[in-house]
Amino acid sequence: MLGNSQVKPAGVDRQARLALHGQTARRHAAKAAAVLRRHWLAAALLAAGLVLRVLAQLAYRPALFYIDTARYLYNADGNDPVGYKGPLRAILLVANFDAVAAIQHLLGLAMAVVIYLLLLRRGAPRWLAALAIAPVLLDAYQLQIEQTIMPDTLFEALIVAGLAILLWQPRTSWRAAAAAGIVLGTSATVAQVGEALILPAVIYLLAAGGGWRHAIGQAALLCAAFALPILAYCAGSYLLTGDFFLSHTGVTSAYGRMASAADCATLRLPTGERGMCPAKIQQAQGPDWLEYAPGSPILPYYVRLPRADVDRLLSDFNHRVLAQQPLRVLAAYRHDVLKLFALTRTGSPGDTPISRWQFQTTYPYYTSQTTMPVVKTAADRFGGGVPTAWRPVAAFLRSYQLGGGYTPGPLLAVFTLAGLAGSAALLRRRAEPGTRQLALACLLFFTSAVSVTLISDLFEFSWRYQLPALVTLAPAGALGISVIIGSIRSQRSSCRKTSGAALPECRDVLHRDGMQGEDVA
4 MLGNSQVKPA
14 GVDRQARLAL
24 HGQTARRHAA
34 KAAAVLRRHW
44 LAAALLAAGL
54 VLRVLAQLAY
64 RPALFYIDTA
74 RYLYNADGND
84 PVGYKGPLRA
94 ILLVANFDAV
104 AAIQHLLGLA
114 MAVVIYLLLL
124 RRGAPRWLAA
134 LAIAPVLLDA
144 YQLQIEQTIM
154 PDTLFEALIV
164 AGLAILLWQP
174 RTSWRAAAAA
184 GIVLGTSATV
194 AQVGEALILP
204 AVIYLLAAGG
214 GWRHAIGQAA
224 LLCAAFALPI
234 LAYCAGSYLL
244 TGDFFLSHTG
254 VTSAYGRMAS
264 AADCATLRLP
274 TGERGMCPAK
284 IQQAQGPDWL
294 EYAPGSPILP
304 YYVRLPRADV
314 DRLLSDFNHR
324 VLAQQPLRVL
334 AAYRHDVLKL
344 FALTRTGSPG
354 DTPISRWQFQ
364 TTYPYYTSQT
374 TMPVVKTAAD
384 RFGGGVPTAW
394 RPVAAFLRSY
404 QLGGGYTPGP
414 LLAVFTLAGL
424 AGSAALLRRR
434 AEPGTRQLAL
444 ACLLFFTSAV
454 SVTLISDLFE
464 FSWRYQLPAL
474 VTLAPAGALG
484 ISVIIGSIRS
494 QRSSCRKTSG
504 AALPECRDVL
514 HRDGMQGEDV
524 A
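Here the sequence shown is numbered in our numbering, starting from 4 and rising by one per residue.
Any given hint could be a false lead.
[What the hints assert, rightly or not] Calculated pairs, SDA-like style, for lysine to any residue (alpha carbon to alpha carbon, straight line, at most 25 Å):
#1 K283 - A296
#2 K283 - P300
#3 K342 - Q361
#4 K342 - V332
Derived by calculation from the structure, the hints in this document are not laboratory data.
Required output: the full structure, derived from the provided sequences and hints.
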């Protein structure tokens, strides 16, 4: 038998376990505090972003509805892909519109976390990684679209997920290339402009190298994977509607751009297309109005002819405008591209009204006679309560947004120039491994931003279509600045090792570091 001295009372064991749990809890708390101290700027931005999203959720119940929301809830009209409809209806099967808005806000926060961690893994300084996530966390236009039942937030999340899969490891594996292709291809079923993302991904894989056979093989695999969700969507569309396509967007949206830029007095058109050329007062309304408004000159065509015939006529009209008056189209396009860099967020004549993406002090119905019944019917059917706005919080959000709560255009211009410089660093033959990893990531983010933004602006300008720049152009700019800083440090280190004897360009570097001119000579 054991002696009495070896028998421990139950209370002693319990106290020992409690003490052990307490020590473990204190260690975890200490580690968490250390992480917060180390990443305090990112943590502060995340906290601010969370507060703003909670306010948006409280201000507009159950969510915000746009004039296009109905196509994702009911029968689509074919003007846009409806890949968003699946996740939306899945959420609404088990919850209501409040849950949809909450999930979209969580996606906004998740995108910021992923971008921050990704930039750190690539070697960017913490303060620059935090700068890269500030736009998506604090931009009020991003908050507004997350609160709206529209596919934009999901589209942005798929972009970030696809780029993160490619960049998470220094060398992209075959499995990662396939997974990224599927994710980026899926984005095209949510917003058709996602088709443009295949080019940046292929450029990245080719630039990453690893041997030309390896690079070309991975690029081919990514292209095949990219096509899978698009082909699956088109096949489903064919079975349901008889049309093997993503949407009619390419034809109708191109018409808005071409018609708004055309000089109808000199444009040579067949008799059957002459009615498509708008009067000057119609042109002043802009591409969005020309595509969708009741007074659009193409509306009578849809009344008289089958959709396929109208699409054929529109395609021919677009081709004739572009072939005969390319400089007019280019001038209008260039004017819209530069709007992203404007100092303030204001609407221009002919633009889609910016008020659609701004918080209102009352619950917004964009066309009250038509959208109010749809919104109320949807709220009754899918849950979330009567649409309403909490005026004090809504007024604060509107004041924040109109008072500068958005990413300023000059900052986006800096991000653009830095992203271009960081991507160009890959042209250097002898780049440090760390700098090269930063430059490769910069290239992928920058080309993705350019592709999505330029393709969107090709059809029409809308501040809504500029939002993907917050999760592509901002990280590209931060990475580009990191490349520049890394290159300067690398040059200084090289100059110190060689004392600058054989490197004339080191003279200024060493002089700035405080070395005497005679020591260099």
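Tested hints:
| no. | hint | result |
| --- | --- | --- |
| 1 | K283 - A296 | 15 Å, holds |
| 2 | K283 - P300 | 12 Å, holds |
| 3 | K342 - Q361 | 17 Å, holds |
| 4 | K342 - V332 | 16 Å, holds |
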